[in-house]
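*Asks:* Yeah, the sequence shown ends on 151 if you go by our numbering, and it's all consecutive.
Just so you know, the hints here were simulated from the structure itself, not pulled from any lab data.
Hints may contain errors.
[As the list claims (entries may be wrong)] Simulated restraints on C-beta separations:
hint, residue 1, residue 2, range
1, Ile151, Lys118, 24 to 34 Å
2, Pro60, Ile151, 28 to 38 Å
3, Lys118, Asp79, 32 to 42 Å
4, Glu141, Pro82, 16 to 26 Å
5, Ala116, Arg96, 15 to 25 Å
6, Pro133, Ile107, 15 to 25 Å
[Unchecked claim] Derived pair list, reagent style SDA-like, types lysine to any residue, alpha-carbon separation capped at 25 Å:
hint, residue 1, residue 2
7, Lys132, Met149
8, Lys147, Arg125
9, Lys148, Gly131
10, Lys147, Lys118
11, Lys114, Gly80
C-beta: ideal position from N, C-alpha, C; glycine also.
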Amino acid sequence: MSTKKPTAQGSGENPTPQKLTAEQFVLLAIEKLGKDGRPTIHTVYSGFNSAFRDYFKEEGLEPIAEVEKLKEAGKIAFRFARGGAVIGKPGSIQANAEARDALKKMGI
Numbered sequence: 044m045s046t047k048k049p050t051a052q053g054s055g056e057n058p059t060p061q062k063l064t065a066e067q068f069v070l071l072a073i074e075k076l077g078k079d080g081r082p083t084i085h086t087v088y089s090g091f092n093s094a095f096r097d098y099f100k101e102e103g104l105e106p107i108a109e110v111e112k113l114k115e116a117g118k119i120a121f122r123f124a125r126g127g128a129v130i131g132k133p134g135s136i137q138a139n140a141e142a143r144d145a146l147k148k149m150g151i
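From just these sequences and the hints, can you work out the full model?
*Replies:* Structural data, given as structure tokens:
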């Protein structure tokens, strides 16, 4: 007689998925939370920051620090925005027009 317990596979239950890394979480959030297929999200208004803190509660990871690491590594695009920041796929965020115009007027 076998003493093996049935596995989730074949029992109709979904096996527990492996936990995402911070990078995987951020990239998935950009893909799934972007409105109307946009390649960017607002970190606060999309719910990203709250979801990140909840998902990585045990590890104590903070979204701002992890986003900064990914930005520095060139894995995501980033810019500050009213009420938070906008993050997206690399190359998806342009310098805003006001900044370009100001620099042009300054001759820079």
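*Asks:* With reference to the structure, classify each hint as holding or not holding.
*Replies:* Hints versus structure:
1. Ile151 <-> Lys118: 24 to 34 Å: For Lys118 against Ile151, whose Cβ atoms are near 28 Å apart, the range 24 to 34 Å holds.
2. Pro60 <-> Ile151: 28 to 38 Å: 48 Å, violated
3. Lys118 <-> Asp79: 32 to 42 Å: 23 Å, violated
4. Glu141 <-> Pro82: 16 to 26 Å: Holds: the Cβ-Cβ distance is about 21 Å, inside 16 to 26 Å.
5. Ala116 <-> Arg96: 15 to 25 Å: 21 Å, holds
6. Pro133 <-> Ile107: 15 to 25 Å: With Cβ atoms ~19 Å apart, the hint holds.
7. Lys132 <-> Met149: 30 Å, violated
8. Lys147 <-> Arg125: 23 Å, holds
9. Lys148 <-> Gly131: 28 Å, violated
10. Lys147 <-> Lys118: 29 Å, violated
11. Lys114 <-> Gly80: 21 Å, holds
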